[in-house]
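Asker: As a plain string of letters, each chain reads:
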Amino acid sequence: MATTTAPVPRSSSIFELAIKKRWLGKAFLISIALIALWRIIIAIQANPILFLQQVVNGIQLGFVYALIALGYTMVYGIVRLINFAHGDVFMVGAFISFFGITRFQLHLWLGNVAPGLPLWVTIGVGSVSVVVLAMIVCAWLSYVIERIAYKPLRNAPRISALITAIGVSFFLEYFAALQFVFTPNFITFKRPFPVQTWMIGSNGIQTLAESQESASNGIIFSNIALIIIISSIILLLLLQYVVQKTRIGKAMRAVAYDKPTARLMGINVDGIISVTFAIGASLAGAAGMLYAIAYPSIVFGMGIIPGLKAFVAAVLGGIGSIPGALIGALIMGQAENLSAAYISSPMRDAIAFTILIIVLLVRPTGIFGEPSREKA
Amino acid sequence: MNRMSRSTLVFLIGAVLVFGVTQALFSLEILTSFWSTIIRTGAVMAIVSIGLNLIYGFNGQFSLGQWGFYAIGAYTAADITWRWANNKSADGLVVMLLVTGLSGTAIMFLRAKLARIRGLDALSAFTLYLTAMILLAVLSVFLGGFITPAVSGLLQALPTALSMQIVFFLAVLIAGLIAAEISFIFGLPVLTLGSDYFGIATLGFSIIVKVLLDNSDTMFGFVEMKGARGMVGIPRLTSWFWVFLFLFVVVVVTRNLLRSSYGRAIISIREDEIAAKAMGIDVAHYKNLTFVIGSLFAGLAGALYAHINGFLSPNTFNFIRSFDPMIIIVFGGLGSITGTLAASFTWALVLEGFLRLWLPEGFETWRYVVYPILLLLLMLLKPKGLFGDYEIPFLRDQLPPLEPIAPERIEEGIPPAAIQASATTMPVKPSDNPTSQEASE
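Note that the protein sequences, when read in sequence, are chains A and B.
Quick note: the first sequence uses our numbering, first residue 1222, plus one each step.
Quick note: the second sequence uses our numbering, first residue 3, plus one each step.
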């Protein structure tokens, strides 16, 4: 509407010409971007290794966000609901894996069954089974939530479903905070495997001992980062396969595209919606364990902020788009780490949301988002 | 005319009665200060929620930013009265008066100038307004230094209680105005986004405000706000009289706004934005107008809230709590002022009052477990809220609401032509209401 070609009543000075090209707003955004870029370039010049270190940390965080963001983006794509309870499902995933490891020693079960195997096989299989347990419990939980809370409201106004989602989120949090559930205290998460850190420096890859942390001439990374990145990529590929190649995935895409027609084509729409919730929640469950491995202090409210960040990542990438969620999450991870390191650590959430608002102003439906189309 | 003035009379008498009886109960200490705090909180929530109902319930803009403007109002007013109560200095008052006054004038002036430029996009306008407001804020701080001693002396010459009330009253108005001005500038670019994205951007705004408040002492030099630890020592000035006065004014202003041609334009945007635009309604202007008025109410409410407990913490303004006004308006019924009023007081009484008292010993932590269950039950049983779109006669629009013609009315003898005409012009399908229309997009 702003690009009317009507002649400007006064003389067309450079100023007015500039306004017609929407120059002023763009200049404002570009100057903000340039300031940020300038800070980063100065930082790279001052200490390139520290910068790379921050990037590695950001990638690690970004992949965890990606796993959570996928649940938001899939659910939004299919029922247009911002599922605020998703962050709390993530919290439940972390706690389930905590109980699996400390109470039931689930990460060592193979050692008890077949004692002769090497330790890394035992722990590897054990950790995978803990993740699978967390994923299954979260999928089941999300399925139940969908059936009880969201399904009866499928035809109600959308805001009712949103308020219900907030209600479910409150319920999960404060129920988890009860003394006999997960307790209101911070709990230390026990990693199923020992932490191993390496340093990539000028003289190749070195193994660092437990105590030797403050080396400044190389990028430090740990097996935690490797595990998070590799398992996230595996889960993402798996999801991509499910969505693109299987019958369920095809049905999911059809339901997301047009629900009534999908129903006419014989697709069980309610079942597909439940499956979508369950798949998203299982990814959040896995993310819960990975997040707890990286930041081993878990509490009933731990899902709120990562959930929100992941949601922002999903919006940033274009909500409803799976590659968009990944890209958005990686951008969020970098933005959070770099702004914490180079701009202001306490203000990093404000910076993350400023980025969100700016991206929305430039691309109103996110980076990969399709322009909203009229549906019948 | 006669009927209208009767409903007005009933409303006025009712308001005076409610005020008098509650004030008497407070004065005679039949209701303890515990209940007094809860009722005043309920009234404050009613003001915020009416603001949000205007934005979402009547104009259809899904905003989660109300809590951010509430926080801005709370901290602005609290800082002004804190400086007066603890330092006997009117610097906060003078500077903020100058900021709001100058920015308001600048916004009016720029609006008149910019209206002549064709093809000015919202982001460029935003940049201009923002630059103007920042420059004027710097200028205000500079000018404030000269004016403050005179104003401080003038106020100190008055009796302490009177000067306190004057500062408080001005602080509340300033808080409302600053929230309105910020929302005007922020709303310009953000209101161009689609419905959900607007909600997300405004949610981002509330979170940004919360983070800024967390760092108010370390990064911005407002030592008295004490950052995340919370601001203490705010004079407790929000009496039932002040809350009730502001609530009354807000209700009457909202009612009169909605009954004017402005109100019909606002509601038409909710019903169908494209049709409203086709009818010649300046959609962007009315959206921003509603957003500004809603945020003005949020700012007022925040200022009143700050002076109830004398304590402010950024945690009050976090993103979880930002859904409270949204919950209240859905609970009361979208697009119903009566419902919002009832729901605010019910919400405050149940959540802060009864749930604290009724839960047995050792089950205090169950308060927030019971609350979402109640919320879920309400949503499942009454998805349109307690009151739907019912209004008491004083608040009701003179025009009868558009209702789809039910089949049984055909038998009532309405000429078929009229049915056909209304059926073809009816924008609302039988099962639809304002929000499900949006959902079907």
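Among the hints, erroneous ones may be present.
To be verified - Below, computed lysine to aspartate or glutamate pairings styled on DMTMM-like, alpha-carbon distance capped at 25 Å:
id : chain 1 : residue 1 : chain 2 : residue 2
1  : B       : K384      : B       : E354
2  : A       : K1372     : A       : D1479
3  : B       : K386      : B       : D284
4  : A       : K1372     : B       : D198
5  : B       : K386      : B       : D198
6  : B       : K384      : A       : D1491
7  : B       : K386      : B       : E226
8  : B       : K384      : B       : D198
9  : A       : K1471     : A       : D1491
10 : A       : K1247     : B       : D198
11 : B       : K115      : B       : D284
12 : A       : K1480     : B       : D274
13 : B       : K386      : A       : D1491
14 : A       : K1466     : A       : D1479
15 : A       : K1480     : B       : D93
16 : A       : K1480     : B       : E273
17 : B       : K90       : B       : E275
18 : B       : K386      : B       : E363
19 : A       : K1480     : A       : D1491
20 : B       : K228      : B       : D93
21 : B       : K386      : B       : E275
Since the hints were made in silico from the structure, they are not lab data.
Asker: Next step is simple, just say for each hint if it's right about the structure.
Answerer: Quick rundown of the hints versus the structure:
1. B:K384 to B:E354: holds, 23 Å
2. A:K1372 to A:D1479: holds, 18 Å
3. B:K386 to B:D284: Distance of about 29 Å is beyond 25 Å: violated.
4. A:K1372 to B:D198: holds, 21 Å
5. B:K386 to B:D198: holds, 20 Å
6. B:K384 to A:D1491: Holds, at roughly 22 Å.
7. B:K386 to B:E226: Distance ~44 Å between B:K386 and B:E226 Cα, so the pair is violated.
8. B:K384 to B:D198: holds, 23 Å
9. A:K1471 to A:D1491: Holds, because 15 Å separates the two Cα atoms, which is no more than 25 Å.
10. A:K1247 to B:D198: holds, 24 Å
11. B:K115 to B:D284: holds, 17 Å
12. A:K1480 to B:D274: Holds - the C-alpha atoms of B:D274 and A:K1480 are around 23 Å apart, at most 25 Å.
13. B:K386 to A:D1491: holds, 23 Å
14. A:K1466 to A:D1479: holds, 19 Å
15. A:K1480 to B:D93: violated, 60 Å
16. A:K1480 to B:E273: Given that 25 Å is the threshold and the Cα spacing comes to 24 Å, the pair holds.
17. B:K90 to B:E275: violated, 51 Å
18. B:K386 to B:E363: Roughly 35 Å between the alpha carbons, so the hint for B:K386 and B:E363 is violated.
19. A:K1480 to A:D1491: Holds. A:K1480 to A:D1491 sits at ~10 Å (cutoff 25 Å).
20. B:K228 to B:D93: holds, 19 Å
21. B:K386 to B:E275: holds, 22 Å
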